[in-house]
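*Asks:* Use the sequences and the hints to build the structure in full.
So the sequences go chain by chain: G and W. In this note's numbering, each residue carries its 1-based index in the first sequence increased by 981. In this note's numbering, each residue carries its 1-based index in the second sequence increased by 981.
The hints are simulated quantities; they were obtained by calculation from the structure and are not laboratory data. Where hints are given, some of them may not hold.
One copy or any two copies: either way a pair holds, since identical chains are not told apart in the list.
[Claimed, not checked] Below, computed lysine-lysine pairings styled on DSSO-like, alpha-carbon distance capped at 27 angstroms:
#1 K1167 <-> K1092
#2 K1140 <-> K1094
#3 K1167 <-> K1132
#4 K1167 <-> K1110
#5 K1007 <-> K1167
#6 K1167 <-> K1006
#7 K1140 <-> K1167
#8 K1167 <-> K1091
#9 K1132 <-> K1110
#10 K1167 <-> K1094
#11 K1046 <-> K1022
#12 K1065 <-> K1091
One letter stands for each residue in the lines below.
Number of protein chains: 2
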Amino acid sequence: MAGLLYVISGPSGVGKTSIIEGVMKKVRNVVFSVSCTTRPKRPNEVEGRDYFFVDERTFLDMVQKDEFLEWAVVHGHYYGTPRKFVEEQIQKGINVILDIDVQGATTVMKKIKDAVFVFIAPPSFDELKKRLLKRGTEKEEDMLKRLEDAKRELEQIPKFQYLIVNVDLQESIEQLTSIIVAEQLKVSRVIERLGFHKLFSIGGGST
Amino acid sequence: MAGLLYVISGPSGVGKTSIIEGVMKKVRNVVFSVSCTTRPKRPNEVEGRDYFFVDERTFLDMVQKDEFLEWAVVHGHYYGTPRKFVEEQIQKGINVILDIDVQGATTVMKKIKDAVFVFIAPPSFDELKKRLLKRGTEKEEDMLKRLEDAKRELEQIPKFQYLIVNVDLQESIEQLTSIIVAEQLKVSRVIERLGFHKLFSIGGGST
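*Replies:* So, in structure tokens, the structure goes:
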């Protein structure tokens, strides 16, 4: 059976990455898809774990070769999801988590119908501003751009299936974990996993 | 906003009651709907906590007065869900858990469209038999009847939204808890709870 694709999205600075890191420690049967980006590496980031950091020429070359499931320009940098990794995992029956921007998520919606789409929203606009300031990795100009984008991104919420308002990191981790677990318990998916025959042979045993 | 109704169902002896007891200790915003029954009280059961134990005359009188959301004859005894309690809680915005037989669950499906329906299945038919024997509260004849019924009940699984195969009690408790949490995070429900206006005013604040 095919693995499930979980697409986690939301405005920049909302806490997606921290939530996903927490979730990855709690759930066993999910792997994280590492994106490619042309944005500069932040001090705490590790190549191949957080992102594959590539130059613009390499990125555009990958675009030409149709190597991305989705790609987008976000705040002046390229971001893309390597198609091959995601497709291979899902084919092997392994569940995959994507951490992507809202634009990228809406692209994936058109391509993979039965993926699970989760939007992470800030508790308030002021809180989002505070978090971006605290991160301190952005130039003033970049930050204002991110806040402007956030407004438009929040309008996309109704296209998603689940919404987590990230008030408290631990609670958000619990919530995303619950979504991941619950989605695997949908009747059609359990039957696919166990096999229809096996499940219904339960009722066919001799008494 | 309205509360959510969670309908937990499955064959007799599958472990529904133990799973729900475990879940009630973990989730805060859910109340348990106590059913009425004419079946004899088991030693460990408490009136008003596990069931309202009533005689057949009282039960049929309640049926006449349309006081049940659903009722059914299961293994020769009457079981019914008091309508008033469920309706009042849901109106107040409180989420309600029902522990009912499969027949009762399919009745609720016709009446309450946006309830959440969870089927608890045994890992195997032999395991179900073992559990019923271990419970030791049934006459041999009753037990055989329950096993026969279980076969037919398992055929109803595709009508449900979620399926938990109760291999390990703690894991099943985690799984049902996840379903309860995740369902409250569906976009339409979060927007209803927070108010559409409030959510989207996030994006409307001044920078």
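*Asks:* Decide, hint by hint, whether the structure agrees.
*Replies:* To see whether the hints hold, each was checked on the structure:
Within a single copy, K1167 and K1092 get their C-alpha atoms as close as 21 angstroms, and across copies as close as 21 angstroms, so both meet the 27 angstroms cut-off. Taking the shortest Cα distances, K1140 and K1094 sit within 27 angstroms of each other both inside one copy (12 angstroms) and across copies (22 angstroms). Taking the closest pair of Cα atoms, K1167 and K1132 come within 27 angstroms of each other only across two copies (21 angstroms); inside a single copy the shortest separation is 33 angstroms, beyond that limit. Proximity of K1167 to K1110 under the C-alpha cut-off of 27 angstroms is restricted to the inter-copy arrangement: shortest distance 26 angstroms between copies versus 37 angstroms within a copy.
For a Cα distance limit of 27 angstroms, the shortest separation of K1007 from K1167 qualifies both inside one copy, at 20 angstroms, and across copies, at 21 angstroms. Both within a single protomer and between protomers do K1167 and K1006 lie at most 27 angstroms apart by alpha-carbon distance, with minima of 23 angstroms and 24 angstroms respectively. In the homo-oligomer, the alpha carbons of K1140 and K1167 lie at most 27 angstroms apart both inside one protomer (20 angstroms) and across protomers (11 angstroms), since each shortest distance falls under that limit. With identical chains, the CA atoms of K1167 and K1091 are at most 27 angstroms apart both within one copy (22 angstroms) and between copies (20 angstroms).
In this assembly of identical chains, the alpha carbons of K1132 and K1110 lie at most 27 angstroms apart only when taken from the same copy (12 angstroms versus 57 angstroms across copies). With identical chains, the CA atoms of K1167 and K1094 are at most 27 angstroms apart both within one copy (16 angstroms) and between copies (17 angstroms). Taking identical chains as interchangeable, the C-alpha atoms of K1046 and K1022 lie at most 27 angstroms apart only when both belong to the same chain, with a minimum of 24 angstroms there against 70 angstroms between chains. In this assembly of identical chains, the alpha carbons of K1065 and K1091 lie at most 27 angstroms apart only when taken from the same copy (18 angstroms versus 44 angstroms across copies).
In summary, the structure agrees with every hint in the numbered list given earlier.
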